[in-house]
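Participant: Chains as they are written, first to last, in our numbering: chain Y, -19 to 297; chain E, 684 to 993.
Accuracy of the hints is not assured; some may be wrong.
One-sided and incomplete, this derived list gives chain E residues near chain Y with beta-carbon spacing under 7 Å [unchecked claim]:
1. 701
2. 760
3. 824
4. 825
5. 960
6. 963
7. 965
8. 966
Now the in silico label distances, taken between C-beta atoms and shown as ranges [said to hold, decoys possible]:
9. 778(E) - 22(Y): 37 to 45 Å
10. 1(Y) - 895(E): 51 to 59 Å
11. 129(Y) - 812(E): 45 to 53 Å
12. 200(Y) - 812(E): 40 to 48 Å
13. 785(E) - 178(Y): 28 to 36 Å
14. 740(E) - 154(Y): 22 to 30 Å
15. 764(E) - 178(Y): 25 to 33 Å
16. 883(E) - -1(Y): 53 to 61 Å
17. 853(E) - 178(Y): 44 to 52 Å
18. 29(Y) - 895(E): 39 to 47 Å
19. -2(Y) - 813(E): 56 to 64 Å
20. 982(E) - 114(Y): 29 to 37 Å
21. 204(Y) - 806(E): 51 to 59 Å
Think of the hints as simulated: they come from the structure by calculation, not from any bench. Predicted model only: the values in this text are computed from it and were never measured. Backbone N, C-alpha and C fix where the C-beta goes; we use that ideal spot for every residue, glycine too.
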Amino acid sequence: MKQPKTENQSSSQQIPDEWFKPIKKDREKAENVVRPSLSYWHDAWRRLVRNKLAMSGLIFLIFLSLMAIFGPVFSPHSASDINLPNQNQPPSTTHFFGTDELGRDVFTRTWYGARISLFVGLAAALIDFFIGVIYGGVAGYKGRRTDSIMMRIIEILYGLPYLLVVILLLVVMGPSLTTIIIALTVTGWIGMARIVRGQVLQIKNYEFIVASQSFGAKTSRIIRKNLLPNTMGPIIVQMTLTVPTAIFAEAFLSFLGLGIQAPHASWGVMANDALSTILSGHWWRLFFPAFFISFTMFAFNVLGDGLQDALDPRLRK
Amino acid sequence: MAKYIIKRFFMMVITVLVIATLTFFLMHAIPGSPFNEERGTNEAVQANLEAFYGLDEPLYVQYGMYLKRIATFDFGPSIKNPTQSVNDLLSRGFPISFELGMITIIVALVSGIILGVVAALRHNGIIDYVAMTVAVLGISIPNFVLATLIIQKFAVDWQLLPAATWSSPAHMVLPTLALATGPMAIIARLTRSSMLEVLTQDYIKMAKAKGLSPLKIVFKHALRNALMPVVTILGTLLAGILTGTFVIEKIFAIPGMGKYFVESINNRDYPVIMGTTVFYSTILVFMLFLVDIAYSLLDPRIKLAAKGGE
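Can you build the whole structure from these sequences, using the hints too?
Facilitator: Here is the structure:
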């Protein structure tokens, strides 16, 4: 960049020529790498850490997970013990978040709700991941007829209104946590499959895939070892964004009375129970579950946005 | 173009058929007959009832009858309330739900686009940050939580607007607000990001260089292209609004289709569940179809893609 030996520079007058010494050319040294090279993941992590909103989302989620695991242990009250004389107590030092109409401790129930919400979210995301990656990977990699048949199936399924399907399945199979997760993944994997297929279509013609093929690698090996690692970015983003959708769906269904059944606590159930008493001013019964549903979804959304920016810098605005 | 429409129409019919079949066999997978639980029904009465609803026929005959009914849009009588047919419920509930849905999507579109455009024009400014924070919050707060908060504030604390039923424009404000916030937030985010992309294009610079007014550039040149992604997700948004009406109608005691649907689920009223599900899905699939057609009309490039089979 610097051109010290050219004539027409005014700045070169202030710098005496003697200052410039030719560096000894050293072949060995020229090849040295001064800074450690950053891997893709390292680089993405650095970008993510700089994103304050995404990091606060991540920190909130870590806190929530810890509280979901250990929160009920801190509390002397159980989540399902009914204590009628103690009903509808406002938040106090004994009941941090107050009690509900059966005298149950809202603080303890909130963390049990966190367990259920996080479990539903993570389970749905993981199952979607497995089905979607296999389906999308095979469709994208095989191409031709296989792809077009598989994509027609997806097109038909995509038209299904997913909450209606979920509700139908819940009516048939009866409400339970397992049913909710199954119902959510029946249509949930489609988004993942589409993304994986798109990515695979892009990558599969690169030389390293052709090289793998020419060495006689099997399809399953190429998908696992060559294609997937290179599509991990969008997959992770999609998984992060699946979690809040699943959490919302669980809360929505529980709110409609189709989800988790008493005496189990989920945020949707708590909000539904509290709805009837909103007029009597027991604000804490609605506030805490509502706050945690919203904030968890918020945290996952901003984390997903942040991951998207971090993992795919080309898309950044 | 005609070929594309026919192809899409064919897909639509298949999707509806899949939904109808799925609904039928799921409902029949439930053990027992819907009349088992009723007290005081002896076997003769039960057999009579089953004959009345066609439940004594073999499954494939029932399936055929069911498909015929769907084709003629006659969903038969309700089980819990035999004096009224599913069609009665639909014709009573649907106009209200449709009204709620349409007002919601219009409000969401208009406010979302305005918010997104303003945020993009003031990129990285205070308005941008505020608008995007509001948008992420809007996506994160579930509509039923928002609905209860809105009732608490506007109807209970401030006594400004009525909290329930659906009889005058004032009654429509709160439910629409609760239902429209989520879609509005999604639209605002999408409009903003595609607007930002479009604003860096050469033809925008060209328009500026020609000396066009900023308003004209935004509305005539930028927005037209920036709105394409919004059209794409319109179908998904409609699906969300549709299912959103279930809870919103429950919370605000609006006598729409969603309320009947939720009630029919709680009552295990199978003809009503089947009828409303098929009806809902048909409407939704039809909306998706319209959106696809509109999209290919708006963006001539789509036609090429359709010819090559994606």
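Participant: Now, for every hint given, state plainly whether the structure supports it.
Facilitator: Hints, one by one, checked against the model:
With a least beta-carbon distance of about 6 Å to chain Y, the hint placing residue 701(E) at the interface is held under the 7 Å criterion. Nearest Cβ of chain Y to the Cβ of residue 760(E): about 19 Å, over the 7 Å cut. The hint is violated. Hint on residue 824(E) holds. Least Cβ distance to chain Y is approximately 4 Å, under the 7 Å limit. Given hint, residue 825(E) at the interface with chain Y, holds; its Cβ is 5 Å from that chain's nearest Cβ, closer than 7 Å.
At its closest, the beta carbon of residue 960(E) sits 6 Å from a beta carbon of chain Y; the interface hint therefore holds under the 7 Å criterion. Against a cut-off of 7 Å between C-beta atoms, the interface hint on residue 963(E) holds, since the closest Cβ of chain Y lies about 6 Å away. For residue 965(E), the suggested interface contact is broken, since its CB lies about 10 Å from the closest CB of chain Y, more than 7 Å. The criterion of a C-beta within 7 Å of any C-beta in chain Y is not met by residue 966(E), whose closest approach is roughly 9 Å, and the hint is violated.
The hinted range of 37 to 45 Å is not satisfied by residue 778(E) and residue 22(Y), whose Cβ atoms lie roughly 58 Å apart. Checking the proposed 51 to 59 Å range against residue 1(Y) and residue 895(E) shows it holds: the Cβ atoms sit about 57 Å from each other. The hint said 45 to 53 Å for the Cβ distance between residue 129(Y) and residue 812(E), and at roughly 47 Å that hint holds. Take residue 200(Y) and residue 812(E): their Cβ atoms lie about 47 Å apart, and the range 40 to 48 Å holds.
Our hint of 28 to 36 Å for residue 785(E) and residue 178(Y) holds, since their Cβ atoms are close to 33 Å apart. The hinted window of 22 to 30 Å between residue 740(E) and residue 154(Y) holds, with their beta carbons roughly 26 Å apart. One distance hint, 25 to 33 Å for the beta-carbon pair residue 764(E) and residue 178(Y), is violated here, with the actual separation near 48 Å. Restraint check, residue 883(E) to residue -1(Y): a C-beta distance of roughly 43 Å breaks the suggested window 53 to 61 Å.
Hint check: residue 853(E) to residue 178(Y), Cβ distance near 47 Å, so the stated range 44 to 52 Å holds. Evaluation of the 39 to 47 Å hint for residue 29(Y) and residue 895(E) yields a pass: the beta carbon distance comes to about 43 Å. In this structure, residue -2(Y) and residue 813(E) meet the distance hint of 56 to 64 Å, their C-beta atoms being roughly 58 Å apart. For the pair residue 982(E) and residue 114(Y), the beta carbons lie near 32 Å from each other, so the given range of 29 to 37 Å is met.
Between residue 204(Y) and residue 806(E) the beta carbons are some 42 Å apart, a value that contradicts the proposed interval 51 to 59 Å.
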